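Trainee: As a plain string of letters, each chain reads:
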Amino acid sequence: MNETRRKMELGKDLIGLEHLPGETIRGILDTAEPFKEISERAIKKVPVLRGKTIVNLFFEPSTRTRISFEFAEKRLGADTVNVAASGSSVVKGETLVDTARNLEAMRIDMVVIRHGSSGAAQFLADRIPSNVINGGDGQHEHPTQALLDLLTLRDSFGRIEGLKVCIVGDIVHSRVARSNIYGLRKLGAEVAVCGPRSLIPASIEEMGVQVFTHVEDAIQWSDALNVLRLQLERMNAGFIPSLREYNRVYGVTRRRLEQAPRDVVVLHPGPMNRGVEIDSDVADGPQSVILPQVTNGVAVRMAVLYLLAGGAPERAEEAKKGEA
Amino acid sequence: MSRPLYIHGGRVVDPSQGIDEVSAVLVMDGEIEAIGSDISAPDDAERMDATGLAVSPGLIDVHVHLREPGGEHKEDIASGSRAAIAGGFTTIWAMPNTDPPIDDPAAVGYVRAAGRAVRASRVMPIGAASIGQKGEKMTEIGELVHAGAVAVSDDGHPVRDSGLMRRLLEYTQTFDIPVLQHSEDPGLTHGGVMNEGRVATELGLRGIPNAAEAAMVARDVLLSELTGGHLHVCHVSARQSVDHLRWAKERGLRVTSEVTPHHLLLTEELVRGYDTQAKVNPPLRIEEDVEAVREALVEGVIDVIATDHAPHHYDEKEREFDDAPFGINGLETAFGLCMKALVLPGHLTLSGLIDRMSCAPARIMGLPTGSLRPGAPADIVLYAPDETWTVDPSRFHSRSRNTPLVGWELTGRIRRTIVGGEVRFDAENNA
Numbered sequence: 612m613n614e615t616r617r618k619m620e621l622g623k624d625l626i627g628l629e630h631l632p633g634e635t636i637r638g639i640l641d642t643a644e645p646f647k648e649i650s651e652r653a654i655k656k657v658p659v660l661r662g663k664t665i666v667n668l669f670f671e672p673s674t675r676t677r678i679s680f681e682f683a684e685k686r687l688g689a690d691t692v693n694v695a696a697s698g699s700s701v702v703k704g705e706t707l708v709d710t711a712r713n714l715e716a717m718r719i720d721m722v723v724i725r726h727g728s729s730g731a732a733q734f735l736a737d738r739i740p741s742n743v744i745n746g747g748d749g750q751h752e753h754p755t756q757a758l759l760d761l762l763t764l765r766d767s768f769g770r771i772e773g774l775k776v777c778i779v780g781d782i783v784h785s786r787v788a789r790s791n792i793y794g795l796r797k798l799g800a801e802v803a804v805c806g807p808r809s810l811i812p813a814s815i816e817e818m819g820v821q822v823f824t825h826v827e828d829a830i831q832w833s834d835a836l837n838v839l840r841l842q843l844e845r846m847n848a849g850f851i852p853s854l855r856e857y858n859r860v861y862g863v864t865r866r867r868l869e870q871a872p873r874d875v876v877v878l879h880p881g882p883m884n885r886g887v888e889i890d891s892d893v894a895d896g897p898q899s900v901i902l903p904q905v906t907n908g909v910a911v912r913m914a915v916l917y918l919l920a921g922g923a924p925e926r927a928e929e930a931k932k933g934e935a
Numbered sequence: 121m122s123r124p125l126y127i128h129g130g131r132v133v134d135p136s137q138g139i140d141e142v143s144a145v146l147v148m149d150g151e152i153e154a155i156g157s158d159i160s161a162p163d164d165a166e167r168m169d170a171t172g173l174a175v176s177p178g179l180i181d182v183h184v185h186l187r188e189p190g191g192e193h194k195e196d197i198a199s200g201s202r203a204a205i206a207g208g209f210t211t212i213w214a215m216p217n218t219d220p221p222i223d224d225p226a227a228v229g230y231v232r233a234a235g236r237a238v239r240a241s242r243v244m245p246i247g248a249a250s251i252g253q254k255g256e257k258m259t260e261i262g263e264l265v266h267a268g269a270v271a272v273s274d275d276g277h278p279v280r281d282s283g284l285m286r287r288l289l290e291y292t293q294t295f296d297i298p299v300l301q302h303s304e305d306p307g308l309t310h311g312g313v314m315n316e317g318r319v320a321t322e323l324g325l326r327g328i329p330n331a332a333e334a335a336m337v338a339r340d341v342l343l344s345e346l347t348g349g350h351l352h353v354c355h356v357s358a359r360q361s362v363d364h365l366r367w368a369k370e371r372g373l374r375v376t377s378e379v380t381p382h383h384l385l386l387t388e389e390l391v392r393g394y395d396t397q398a399k400v401n402p403p404l405r406i407e408e409d410v411e412a413v414r415e416a417l418v419e420g421v422i423d424v425i426a427t428d429h430a431p432h433h434y435d436e437k438e439r440e441f442d443d444a445p446f447g448i449n450g451l452e453t454a455f456g457l458c459m460k461a462l463v464l465p466g467h468l469t470l471s472g473l474i475d476r477m478s479c480a481p482a483r484i485m486g487l488p489t490g491s492l493r494p495g496a497p498a499d500i501v502l503y504a505p506d507e508t509w510t511v512d513p514s515r516f517h518s519r520s521r522n523t524p525l526v527g528w529e530l531t532g533r534i535r536r537t538i539v540g541g542e543v544r545f546d547a548e549n550n551a
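Here the protein sequences come in this chain order: A and B. Once you know that position 256 of the first sequence is 867 in the working numbering, the rest is easy, because the numbers rise by one and skip nothing. Once you know that position 13 of the second sequence is 133 in the working numbering, the rest is easy, because the numbers rise by one and skip nothing.
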């Protein structure tokens, strides 16, 4: 038991999946299971984090992730404050280190940070004693997104090990891709990425993934596709010539999925550009698990909050009843 | 007239004369008067016992940033030239990318005069190659040279326009000065903050590919061939750049180049953890590149070592990696780092290192220093080549502390630095 406990320990922060052992990731997913049920109740609130103060510090606009965290925090009974800071420290005048020190001076327990610069979550975590959860840092990691993707895949297939999962789209700018690559590989899945070479980062093969430049090949290979949002800015920056062409060459369409030797499960971290990276009949079709991902997001974030606050995975069931 | 200075008992390492033996050096009136084991001191000479130390021509750094005017919170001419003598450098060339840039004769004259007033290292101004370093219109290069500029450069920014680069390499021939080029194709850098490759991919940081440097080196080598102008390539970091430089040397072109101490040893791995102290441009690359530039320096394909001393205030480095400025504080760690990168592993002898840090810079840039030959200016460094020390930036003479080498143990310590016959740094008094 003690051995298991030690392996599952998250430490002070959740910055990414890169340095987490597979056992810890599995522990988070297991802990999320009992928390799923809370959101199905009429009264969606348990006193697990009562008295804890959590700041959601968002330097980038986000609707889904912020709301998901906020629900998770509130359903666990925490007091939350949302701070929507804009731009980098250079633009807004106050440095990130000063922002951090000011928050700390108000005596908080946890910070969820979303920031446009890779490394910002680590930077914050290194400088304040509060728990820091990375809600997405630049093009680095978005660990809770990958955890909810893993939970959704596990719900669909009953396992992660041995699955073939391909991440499709703008890999170079995607923190979701990186966190998924680490998480999936640690849990024994095979991972591929697919996209035009202009959107595939250098030396990605060294992270243990294979690269497809044709989406048809990726679909042939995969058990599941994780389709990334294509940001309009990428077209303006010249990575691809047009969204129309992107859809023609890389769009995940019903017709393409029908060529697959098996039923491919389709994930998307949202928000979707219907008709660009994914067609509506796929997004709304039977192979899509996009809405279950959103539901799982709340449960996974509850699990992370609970564990960082010092909760034990095996006591999550009791904790949510208010008994621990 | 000052008293003659008789330095005796030390191991004189002067590759410009092929000397590496215990010998004596006599300095009179700011110049080397005599050198040899059999020379004796005049009765009125001040005797300096160098027993246990090495004695070499003062180090020359053709690439430093002194930040004055406009960046005095990082460094100024006084603090930078004091850092230089503490690092054994008797001559430093100051890059013009200040605010405002050094692009007119008055500004050049200011840097030169301010440097002289400090009485530390010799400070030689580099003039901007284009007005405002905008890469559009050539500066009045003749006026800059008249005011004391020793070279032109838009360092910090590359000269992107091929036509302007051609004109610079042509026009500078009138004044026999080099064009110092920061080789980087901005279209390929594209907002990059570190080396492009595995570490950048894992950290989610935008990468700068080797080709961003090598493509411009290739172009500029061809322009040197076309024009006959003296191209000096700054801070070579990529193995592919070395190929182009080797080609230029084989063709006998007037192409010289430099490499920094950090590119001779450190790799992109130091960036892990988002350490902004390892953020530098050109970026730290991979082991293959380090080996290539090291080998090129040993072979003479790369001519000299230059620090690219780039001081930054700690506030500026204490921020998100994307927003932190590029640069490593180099003057006071350069010699020790080069000993570690080159001499201790046996790539170069001590004499070979002194050549790359003193004689070769003087040779390629046409300076009278970099030698202990009689008649040369008495710019001399005394150092303990085997003494180890630990890098503690709080003891830097530089106004800034930005280095990734905190706590590193280095070998080779500067003990005394003499400029024009005058002792301007003495570790005993500066410990």
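Careful, some of the hints might be misleading.
To be verified - Pair by pair, the computed Cβ-Cβ distance ranges are: (1) B:507 with A:844: 53 to 61 Å; (2) B:526 with A:809: 47 to 55 Å; (3) B:389 with A:651: 29 to 37 Å; (4) A:809 with B:435: 34 to 42 Å.
Hints are computed from structural coordinates only; laboratory data are not their basis. No experiment lies behind these values; they were computed from the predicted model shown. Cβ atoms here follow ideal geometry from the backbone N, Cα and C, with glycine treated the same way.
Trainee: Each of the hints needs a verdict: does it hold here or not?
Mentor: Results for each hint:
Checked against the given bound of 53 to 61 Å, the beta carbons of residue 507 of chain B and residue 844 of chain A, roughly 54 Å apart, stay inside it. Roughly 39 Å separates the CB atoms of residue 526 of chain B and residue 809 of chain A, a value that falls outside the hinted 47 to 55 Å. Taken as a hint, the range 29 to 37 Å is violated for the pair residue 389 of chain B and residue 651 of chain A, whose Cβ atoms sit roughly 47 Å apart. Restraint check, residue 809 of chain A to residue 435 of chain B: a C-beta distance of roughly 36 Å satisfies the suggested window 34 to 42 Å.
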